[in-house]
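Asker: Listed below are the residues making up each chain.
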Amino acid sequence: MVKVYGAGGFRGLEAYQSGFLFSPEGHILTAYTTVLDTTMLRVVLDDGRRFDAELLGADARLDVAVLKIDAQGLPCLRLDAAADAEAGAPVLALSNMFGVATGNEPVSVQQGAIAIVTDLDARRGTFEIPYKGRVYILDAVTNNPGAAGGAVVTWDGRLLAMLGKELRNTRNNTWINYALPISVLRPSVDAILAGEQSVAGGDHGRPKAARPLTPRALGLILVPDVVPRTPPYVDSVLAGSPASRAGLRPDDLIVFLDDALVPSCRTLREELEYRDHFEVVRLTVLRDRELVEVELSAEGKESRP
Amino acid sequence: MTRQVRLTAVVLTLLCVHAAAEEVGVVPHEAVQEAVAKVAPSVVQIETVGGTDEIDGLPVGTGPTTGLVVDAKGYIVSSSIHFANLPSGILIRFPDGRRQPAQLVATDHNRKIALLKVEIDSPLPVPTFAQTDSVRVGQWAIAVGRAFDVERPNVAVGIVSALNRVWGKALQTDAAVSPNNYGGPLLNLRGEVVGLLVPMSPMSDEEIAGVEWYDSGIGFAVPSDGLLQAVEQLKAGQDLYAGRLGVTFAKSVAMSGPPVVRSVLPNSPAEKAGLRKDDRIVRVGDTNVTRLAEIRYELARRYAGDTIVMLARRGDETVKCEATLVASLEPYRCPVLGVLPQRGTTQDEGVLVRLVLPGSPAAEAKIVPGERIVALDDRPVSGADDLRNRVARHKPGDKIALDVAGEQDRRKVDLTLAASATTLPDDLPTPPIDPEAAPGRAISLSLPEWKNQVTAYLPKGYPSVAQIH
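Residue numbers (our numbering), protein chains in the order written: chain A, 91 to 395; chain B, 3 to 471.
Note that these hints are calculated values from the structure, not bench results. Where hints are given, some of them may not hold.
[As the list claims (entries may be wrong)] Dumping the calculated EDC-like pairs for lysine to aspartate or glutamate here, alpha-carbon to alpha-carbon at most 16 Å: (1) A/Lys-298 with A/Glu-363; (2) B/Lys-119 with A/Glu-380; (3) B/Lys-414 with B/Glu-366; (4) A/Lys-222 with B/Asp-151; (5) B/Lys-119 with A/Asp-378.
[To be verified] The following label-pair restraints were derived from C-beta to C-beta distances: (6) B/Lys-75 with A/Glu-380: 14 to 24 Å; (7) B/Pro-333 with A/Asp-366: 53 to 63 Å; (8) B/Arg-138 with A/Arg-224: 35 to 45 Å; (9) B/Thr-425 with A/Asp-349: 52 to 62 Å; (10) A/Asp-349 with B/Thr-424: 51 to 61 Å; (11) B/Ser-258 with A/Leu-381: 52 to 62 Å; (12) B/Glu-121 with A/Pro-314: 28 to 38 Å; (13) A/Pro-196 with B/Glu-121: 53 to 63 Å; (14) B/Asp-428 with A/Leu-381: 52 to 62 Å.
If you're wondering where the values come from, they're calculated on a predicted model, not measured in any experiment. Glycine included, C-beta positions come from ideal geometry on N, C-alpha and C.
With the rest of the complex left out, here is chain B (with noise of 0.2 Å):
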């Protein structure tokens, strides 16, 4: 009695193990096919007339390539690498044949998707796409392209090898993903779309990033949900860029130890949120972080105009900085008021101004030599350092308010902050002093805005170098 228990409980054992060795281990070819085939109607090939023949030094092929339909109303996805040369013509083949003239409506460089439109007379045929979340690690993937020939799709089977992968852009495949797909969809056993293939790398932001890597059992696709919502936006015809925060980090922060900020960049949303040097960021959306790798990972799916709460630690306090990403950061460019401060610290309120530049906009509000800089837009001015950092986080054309203490009486200016001198004066003034018979003695100077060096001249008894600056 007992060994029959045993014995079909072995038999069971054997038959459990067949069974899902059958499920597990074998592609299911015949269900490949009918998904590939419930698809197939929405999936185009694309065709490119003129456009460079080379991306950053590597050859750009002529195509054809692949597009995927995503609304009955004509809009087609597709890779945006297939049109990273400009092409000046784009040519949509429908698995019948037929051939259409099609307009490129707007490219998303984040997720690297590019929406074309066409004309339609009927409605295409849109697929079902799957929900992103139904997505698990291990189950059939399905690529799917038609660079070949047009009226059938070439097909190649793996597993959905990891999600989130690319700062959470993309899934992963083994499928072999490549030129022949690229911009096709990649599919669940049901015939569903679980993303759009395109090349993709995490080391790289890169128009054609990731193309290295074709049919070596990683590939990448931008998940249904993520497409779906980029394609809604990109139908505005606005393209997408990722969104900049302007922040950077010490080095030794990207391999490990806390995000604590190195520099804000001027002008940027983080000196907009009023992120500043030396805050460490403990919190980016709904995530809290302790790397700058999580931090990474929450921005990079964001996009330009996307608005983003984070945390700081500041010292003792939290802070909490929204800011509004940007596609690209400003390059910096410096404010000019048009007054020497004196030099070294006094126990005076404000600053006390040496000299005007003449034509400047300190020289147009009246500002005189001997006059004290008191506050900037009604904060207190606390030495000439305050005064240097504060108007440098302006730019050029930025109004603003000082209050300006003379001998008697007190005022306030409004101003409006210029532009460093991009072109040389045609006439150099005469300087002051003869090079040849300068009373002092020569230094050298290199100023960190400009490359070259400069000469200073010093009277006599001038103690060093470091009070001229």
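Next up, chain A with everything else stripped away, as it sits in the complex (with noise of 0.2 Å):
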């Protein structure tokens, strides 16, 4: 386990993480963060010895690094040792959380289990990270200021995943207790040691359509939108459309676009607006107690006489 000082060090942004060798010859793994963005990034293995370190590239769609340091024989936890985990697992996680280790301190270690393995919300707004694939979700407090790029391993010390950066689920306004598989980072931190990857930029899924979808080509005048979260209520369906073939009705509850809940009609504009105005949609509606699924196409709408 290393510790990681870079840039930072204002209100609220740390200048200090964690991160872990995985070879002998001094290749650290680590979060890609703001402490990454400066030239002058030093690093503290935990006997002590201090080196500077180059950032050899990073995957900003992971916001994971690879950094390496100019030394020989180092202990390590090697990736292709690195196993996976289940929901259940003990694990013991590993940081400098808080910045408490210094000099030849040892980072803190926590105990806990894995709570459970699952995907990231791929709902947009959900995370503020790009990822959106398999995570372990700690029962660990582990979400620290300078716990990412710390470790988490087995009660036998096999490596498992490496601690995300600091994130906040908006969907509850919880902060979440996370860790990335190493399985989940090898392909990444491949590419970087093949040279294939510098910084590569993250991916933020897919972009928003050209000429959108909106709810009026389907058909669909909703309630006046008037507070953050007004329902998506149905006002009118205009005659001849395809929210009017589908059969939908004034005062049905939108409640879901696709798979995508729809709490809110600022939700169901703004996910509209990633959809072709010729895409075929799913709106599910809440009608007298009871679900109902239609599918729209407003492209129906312009071949009508």
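Can you join these two chains into the complex? Each is in its own frame, and there are hints to help.
Answerer: Now the structure itself:
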């Protein structure tokens, strides 16, 4: 385990984080954060030795980075020996949380378990990172300043995952304790080591459509959007529109667009902005205590005589 | 020989210590998984649509959140915080991915539980509930939610930290409790439900109190017995509220000192039960009490509509009071009889009427100045203060009976107390005195009931302000 020092030090932005050696030649896996936004990166090993470090590359999609220090024969956690774990597995999390370890002090160790193995919610805006894939949610409070880049290991010391950067779940306003499985990080690390990836840009998902769908194009007039979370009730249905042909009615409450929950008029409009005007969409509405599912295609409207 | 025995003893001791450490110290992860698997089919995901975006200034998440099946007929409980923003639609997602709309049946605002109902084709799987009196501090506690993934529950492990927390309403656990599992069950290692995870705070009754403690190592769960009792009541569709008594205590009493009543709110359950100022409460229900906290502990668990028997010391006697608690205390409305009584005290019987306000209940009952009110509801009136206090304990609209004595006769009149005027009359009567040319002097008064200052003009030689009260 190593302590990484770099840019930051401003209010709310720590200038330190965690990392771990994965080769005897000084390759270090860590989180890709603003701490690495400097040419003056310094790494401190747990025996107190200090090294200047070089950023070999990073993958902004996974927020993972590889550093290199000039050394030989270092103890390390090998990525090819990493394991996968199931929910409930007891784990240890090692990190320099709150920067409590300095000099030759080893990082802090927490115990806990894997609360669930799940995918980060793919719904837009839920998490402020681009990655939407598999993570371990930990039953341990690991979401701490400086913990990003720490290692999650089994009780017998097998590497499982890397602690992610501090992350808020915007759907319930909680900080989330998560770690990225090594099996997810491997391809990125290999690409960085092969020099194929220096600093890859984030994939921010699907772009907005050039000519997006709108509720009106589907023949839906929603209730006036007056509060931040106006429920998406249908106010009226345009005659002869896709919505009318699909049998939608005033007072239907739209609850799903395809598989995405739409808690408000605003979310519905935003979600539609990612769909082209010719796309077929599936709406689920709540009507008289029943869920009704319909398919709508705005294209049909244009073919109307 | 002796040495051998000793050695054996040491080995045995070591073995015992080792075995105990295994049992107590290390989380039994496999047993946890088995316990979770037992309850998992009953743990559902909840999604909501619409609703306000904040409560008391704090942003409200849009979920998803967790619920627990409590009745095969389609009843599901959750934490009331999930519905405090009054969503337009509630959807239950079962572990197999099936979605169904749900109705909010009723809310227990005291224990922060919401009861939902879904229409069902087949019975829902109901978990096993643990006996609450079997729960021990230190036993393993498993918090289960379904907030991340509909196919898989999320699990946090800890122990039961305390019983009877939050004024006896909750168990405390150090397992991570947060919006990720509010509304889900707290289990024992056998997979039995010991409680329902909810945000709560001993400091506040607010709907969202306790959320600030998420993942802190201080989590609360409503124990199964309280939960199931509340569910049975909630099924009737009636919201449950904390029961209020309507007494206040001096500030000093809150910290220490005997629970002596400072005031009894008019028309409150306490007043109807006959509790009075300066009574010292000594027993609530089956519990002897010597401090305010003990009274609060007894009352906080009870609901509006519950009846409670109290004993209080009044002087040398002990009085028994039976009060039916209410959800909210009525604001006091002053009843109006419509007479100005004589000032001061006299040796004469009752109270001399000095003036009768036109259009008042007294005027309608044909009481005239010069008559004396000698009894109210068949109890003698000892003076103006007595009359005022006893009338004030009624509310507008109450019927009272007065015994009125004139010069020669004595009669009984029934009348209905009025409410004090809440609107200004269109025409104010001409003041009897021209303020500019007032013969006396002007003084300022502030009346306890009203924020405004009033000015009174006193005749020359009027001795003091105190007399006009």
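Asker: State for each hint whether it applies.
Answerer: How the hints compare with the structure:
| no. | hint | in the structure |
| --- | --- | --- |
| 1 | A/Lys-298 with A/Glu-363 | holds (6 Å) |
| 2 | B/Lys-119 with A/Glu-380 | holds (13 Å) |
| 3 | B/Lys-414 with B/Glu-366 | holds (14 Å) |
| 4 | A/Lys-222 with B/Asp-151 | holds (13 Å) |
| 5 | B/Lys-119 with A/Asp-378 | holds (14 Å) |
| 6 | B/Lys-75 with A/Glu-380: 14 to 24 Å | holds (19 Å) |
| 7 | B/Pro-333 with A/Asp-366: 53 to 63 Å | holds (59 Å) |
| 8 | B/Arg-138 with A/Arg-224: 35 to 45 Å | holds (38 Å) |
| 9 | B/Thr-425 with A/Asp-349: 52 to 62 Å | holds (58 Å) |
| 10 | A/Asp-349 with B/Thr-424: 51 to 61 Å | holds (56 Å) |
| 11 | B/Ser-258 with A/Leu-381: 52 to 62 Å | holds (58 Å) |
| 12 | B/Glu-121 with A/Pro-314: 28 to 38 Å | holds (31 Å) |
| 13 | A/Pro-196 with B/Glu-121: 53 to 63 Å | holds (58 Å) |
| 14 | B/Asp-428 with A/Leu-381: 52 to 62 Å | holds (58 Å) |
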